[in-house]
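Below, each chain spelled out in residue letters.
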Amino acid sequence: MNTQEKNNSQPVNEFNQPIKGVSLNLDAWRRLKKNKMAIGGLFVVLFYILIASLAFIPGFPIHSYDKIILDHQHLPPSLTKTAGDLLYEKTEKKLSAIAKKRGRESLNEEEIQELKDLRHQIENETMEEDGKTIKVHQRRYLFGTDYHGRDMLARIVFGSQVSIGIGIVGTLTAMLIGITIGSIAGYSGGRTDYFLVRFIDIMYSLPYMILVIIFMAMFKSDNQIQRIINLYIAIAMVSWLTMARIVRGQFISLKNSEFVEAARSIGASKTHIIIRHILPNTLGIIIVFSTLSFPQFILAEAFLSFLGLGISAPFASWGSLISDAVEGMDLFPWRLFFPAAAMTIFLFAMNFLGDGLRDAFDPQSKNRL
Amino acid sequence: MTKFIIKRLLSIFPTLLIVITICFFLVRMAPGGPFDLEKTLPKVIQDNMKKKYHMDEPLWKQYGRYVTDLVFKLDFGPSYRYQDHDVSYYIGKSLPNSAMLGIIALSLAVFLGVGVGIISALKQNTLADYIPMSIAVIGISVPNFVVGPVLMYYLALKWQWLPTSGWIMEGGPKTIIMPAITLSLVFFAYIARLSRSSLLEVLRSDYIRTARAKGLSGRVVIFKHALKGAMLPVVSYLGPAFSFIITGSVVVESIFRVPGLAKFFVQSALNRDYTLLLGALIIYSSILMVANFVVDVAYSFIDPRISYK
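Top to bottom, those sequences are chains A and B. First residue of the first sequence? That's 1 in this note's numbering, and the numbers climb one at a time after it. First residue of the second sequence? That's 1001 in this note's numbering, and the numbers climb one at a time after it.
Chain A with its partners taken away, still in its complex shape (with noise of 0.2 Å):
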């Protein structure tokens, strides 16, 4: 009975079928799904973030990050050739060029016994792993391997988890705090705000990336989970400023508006009108501004792990990686390349997906880049 009832109070058109409500973020979902670019960076994003938590599980089919295996320095990237195949190419090439300098056309009886002892030593060289024994040189390096004989792969898996850590960390920290100060600032107005906006705008004024660099630089610790924290902590306390205008600006828009009146002559509190009535009338522009903040919060500790401030060996990021990098990259540009392009490519598809979301939300939007 009291189902039917609900049925009949929704609304129906002129066949008896029910009308279905379009609200504002279901409208920007469709004109999302519109936009091909912003779906495959939705894609490849998505993407991205599964394989940094499946690589979580300990099962997962990759080499260790930190595991040093001094033999496999410096190996090239190869899909079908082993790393024992790579190593023997590499120990031959060096052989006969030094035979070639020493006037030799062929190689002498001492090193095609050194050949043929290393062919041994790949055949049979075993190493204990998570308690199984394998055949080491029986490994494959799909994007080489590193200074230290350390998968390049499983180093950018892993630097992915910590890049896309610190951008989820900072994103929410930023919502958090910023959402936070821009709502009481909006709401109250008078001498709070007049305070909270000096506040924010004098941080405005401060060059803080600069400001961020002499803090990690100052409290550098060699304690690695010390360093993620100070990392977290420096990115954090500059992330929120832009998110507190924009909610400030919205909350001022809404707060004289027909329905927050509505509610307040029905004696709502303060808090739930904010919660429950302004927020969620803003949720579309935070959504927007954290999907294209995210890669800042990447870029940010990039760029600290660049300059030798943030993550460091034997831990990784991708800023720290393409830092490794940057010595030997004539030699061994892999080390380069791959870290690099796995940055660009989360970079790109995120700032698609974050216009896309931007054009979706706002579709006359004035400050469309």
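Hints are computed from structural coordinates only; laboratory data are not their basis. In this text, all values refer to a predicted model and were calculated from it rather than measured experimentally. Treat the hints loosely; a few may be bogus.
Below are the DSS-like pairs computed for lysine-lysine, each with C-alpha atoms no more than 27 Å apart in a straight line [as the list claims (entries may be wrong)]:
id : chain 1 : residue 1 : chain 2 : residue 2
1  : B       : K1158     : A       : K90
2  : B       : K1043     : A       : K220
3  : A       : K220      : B       : K1050
4  : B       : K1050     : A       : K36
Following the hints, complete the assembly by docking chain B onto the known chain A.
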């Protein structure tokens, strides 16, 4: 108008003082000091050195001394780590290099960006629009510490067209090409997209239709009417662009080994060379604030709708 300019100019000083204060105490909060060398000095010598630099005094006294020296004598004090010269010498030697790189990069970005933006807006949805705009998307997504090494790999190491690093004094003007491109790419991209979209917007507005209806030539409509309105967002972007150029120069100078001011930030912070660090920071903050001031004033000249009273 004059009143606004003066008021705006005067507001720089308290902000600068706040910056100096924050930095002064932030820098001192960190553990360690400038005289913690790898080899520990005897206590007497350490005490004497501290005395020489007035570091035995309470912090607020040191702060007072630093600010008065700075305000009345424009003296940044001695460097704690490099004994040969004082901070003003190092700043005077390296600032021109940084400034040159920054100005070249910024003008490159502004002129190319606005030019490309105009062309793509006028030839909307043709190849002349798509190609520059795709380059602009790349410019925005690829960070400068990726662009720098990749450029270096191809232009300097593989094809050997340009020197890998160095600066004008030893390497000639060729050395500035790669740092300038790397530094300006992001701003070029932003400015190109910004001027394209705002010009498109302006071209649809009523006063442009009026100008066309009056029978003015296309050239006059675009350059005399449309461009002035379309440049507003670009001008207001220049303020943030300045601060990003300064931040970006830290990376670019370290990749291409430019003897500029930016290297002091990381180095002196690690060395705990308080005065050198503060000096560099104050210089950059002042540049930033003056730039913002100029942008604000320029904005009020271009946009007659804004009146500062």
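Structure-based check of each hint:
Between the alpha carbons of K1158 (chain B) and K90 (chain A) the distance comes to roughly 22 Å, so the proposed pair stays at or under 27 Å and holds. The hinted pair formed by K1043 (chain B) and K220 (chain A) meets the criterion: a straight-line CA distance of about 26 Å does not exceed 27 Å. With a CA separation close to 24 Å, the supplied pair K220 (chain A) and K1050 (chain B) stays within the 27 Å bound. Under the criterion of a C-alpha separation no larger than 27 Å, the hint pairing K1050 (chain B) with K36 (chain A) is inconsistent with the structure, at around 64 Å.
Violated hints amount to a single one, hint 4; each of the other numbered hints is respected by the structure.
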